[in-house]
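Given the coordinates of chain A, assemble chain B onto it according to the supplied hints.
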Amino acid sequence: MNIVGVAACTVGIAHTYIAQEKLENAAKKAGHEIAIETQGTIGTENELTAEQIAEAHVVILAIDVKISNRERFEGKRIIEVPTEVAVKSPNKLIEKVEKIVEQSYQERESK
Amino acid sequence: MKKIKELNLKGHLLTAISYLIPIVCGAGFLIAIGMGFGGTSQDQLIQGEFSFWDALATMGGAGLGLLPVVIATGISYSIAGKPGIAPGFIIGLTANAIGAGFIGGILGGFLSGYLAVAILKYLKVPKWAKGLMPTLIIPFLTSIIGGVIMVYIIGSPIAAFTSLLTNALNSLGSSSLLVFGGVVGLLSGVDFGGPINKTVFAFVLTMQAEGINGPITALQLVNTATPIGFGLAYFIAKLFRKNIYTTLETETLKSAVPMGVINIVEGVIPIVMNDIIRCVIATAVGGAAGGAVSMLLGADATVPFGGVLMLPTMTNPWTGVVALLVNILVTGLTLALIKKNKTQEEMSTQTETEEDDIDLDDIKVY
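Chains as they are written, first to last, in our numbering: chain A, 1 to 111; chain B, 1001 to 1366.
In short, the hints are calculated from the structure, not lab data. Nothing here was measured: the structure is a model prediction, and the numbers come from that model. Hints may contain errors.
[What the hints assert, rightly or not] As a list, the in silico DMTMM-like pairs of lysine to aspartate or glutamate whose alpha-carbon atoms are at most 20 Å apart: (1) B:1364 - A:74; (2) A:88 - B:1355; (3) A:29 - B:1361; (4) A:76 - A:98; (5) B:1082 - A:71; (6) B:1364 - A:51.
So that you can see chain B by itself, here it is in the shape it has in the complex:
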């Protein structure tokens, strides 16, 4: 176990996802707006035969289509530094070409990164060839070894595995859909855009690459609904004559709610930090409810990002609306009920809460 931890697989994946997210957001918005106005994402834009909305959708589609390449390049860079970029890029493209998709991209990235590191470490070249090392030897050797492994060894099994997964998910009955959606919703909400959310994100994005849009829709609807639910809780609590937020937190909400509408959940974190347990419970309960409804009704946005902008891309936009409303209501109600009433005094002061003990495993000293 310790060996595996030292490899820091999760850290490399997260680094790659941090490069991926702005692309998903930018391209996701483009394709969401384009498709919302009736455009379609096309393989090729032929002069004079496309509308402005087709152009937008195509830009977005092009960006999203390259996600396996981005994740491979990101992972490889995270492991090997600059020498990892070139082979990661090539092996990522190879994964795309053989239909190994996002999972292929992830494995390809690790392959490429560790290969590049190994070559750097073990291949000794004479002094005159030093300049060739980063420009030719590492990119060429890593790409040929990694690429051949991708094409002839791991590519087809990954492609087979993804289609197996796809079929299994497509044939889920309604009760399993309910559970699956609930789990996706719960996991994605529970750490407010932190590492758990991003790991689930990588997983559901993989499925979307295979044409299954339900899980990612559930995830992003939960991300969208959570901050709005926090906002709604303010008003529900007022009905009970309760003040659940400090003045500072209310201010935070004013930017967190609009951010939520366009799919950014992180705005509520400062509020969550002041009262972690209650906020997480409310988010998890609401997220599980919203995710379950979303999967059950079959909300199926074709874009992986956009918040309410995802709605027009669904076969039946009302399904997404219902899922959002359920999630917002459940989160809002739960939060309004379980959060403590703040006295006037507490309203204006920041509360100091007891800190968790630090897990020694979390600290690395160099």
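Just chain A, with the same shape it has in the complex:
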């Protein structure tokens, strides 16, 4: 599965980057491709390309604050959580994401 996402916390110096790292590790461990963009106080880093977004099966937003350029993900399956969840339980979050994606594909097929 291809995952893209954005991490952004209130102060934008710590939780943002921890969330990014934890999500990347957890996703890789589960055998997924992942790219997480960080929107910290320093600005946007590791910016997602249009190609990455187009290829993604699901978008994970680990955010406590409003993010910029959210409209890029329009039409995608978006899963939004507070950064805290990504930091504390990244592996379980990825499991949940897998289930949600699976369900939505089944729903689409049954239609």
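Positioned in the frame of chain A, the structure of chain B alone reads:
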């Protein structure tokens, strides 16, 4: 309840605070350095009649004076996007003008944001007026409605409420001060600069805007002391021949402690994450002790940020020093005592801890 949650009030407040913090830090440092060297923050800098330190203090003061405006603009932007900025700015300035201060700024921001959204949604204009919508109609209508509500309806009650709060806090006896300081210290430490800390921050910043400097001093001293306490724990533990940090964590401490000295608590988070419960306990105990001492002794920094740089701005700098030392010692000792000894093997590996279950309410799927 669910309706309220959908409004995402806290999220909007946090977004605004994320814009506020660099301003508090930048301006706070300016005013702390300026006042530390004997400058004062002035309303107007008259050519030839001010020193360099007066200039610095004035720059900082100007920035901090606009915080109600920043919070209003930030909230309004968070709710309504770009169209929210202009009315948020105007209503924030209005809140400042009527003396509704920081609370006024927060309420004004919500007012402005939701008004702008409502106008966008319900006001249909003919095609030729489409261009006027973002440039004139939304900023003007939102500002006039929100501004009038601020001036004639909510402004005075908020101003009255803040002065009530101020008086109540000023007349607290020493035992209540102890409790209050303890609570502020505990809450601000317990999530290491996360949402709880920032909510308390918004609250104590409000009080500082009303001239009560104790609570924010307590909060920031706790933020300053926590990472230093983590550093001290390393040495205390060594006395007991205990290794409480992995090699990686010790490396983290080398940058976390200096960051702590200048008031940034977030550096210790990677360490906390490996052993959440014990670290939070040590921080909470130390923070409660430090906050209580700080309030009891009356440490009263006039700046809302700066770590040790806040000390010179206090009436009695020793009060802040004592509060810091108490907090650092308590956190350090507790941590050294309750953290488990690491074997050589554990020192070099990262421990995988059991993950918390995810609360389904925390997940939103679109």
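For each hint, the structure was consulted:
{"no.": "1", "hint": "B:1364 - A:74", "result": "holds, 15 Å"}
{"no.": "2", "hint": "A:88 - B:1355", "result": "holds, 6 Å"}
{"no.": "3", "hint": "A:29 - B:1361", "result": "violated, 26 Å"}
{"no.": "4", "hint": "A:76 - A:98", "result": "holds, 15 Å"}
{"no.": "5", "hint": "B:1082 - A:71", "result": "holds, 14 Å"}
{"no.": "6", "hint": "B:1364 - A:51", "result": "violated, 25 Å"}
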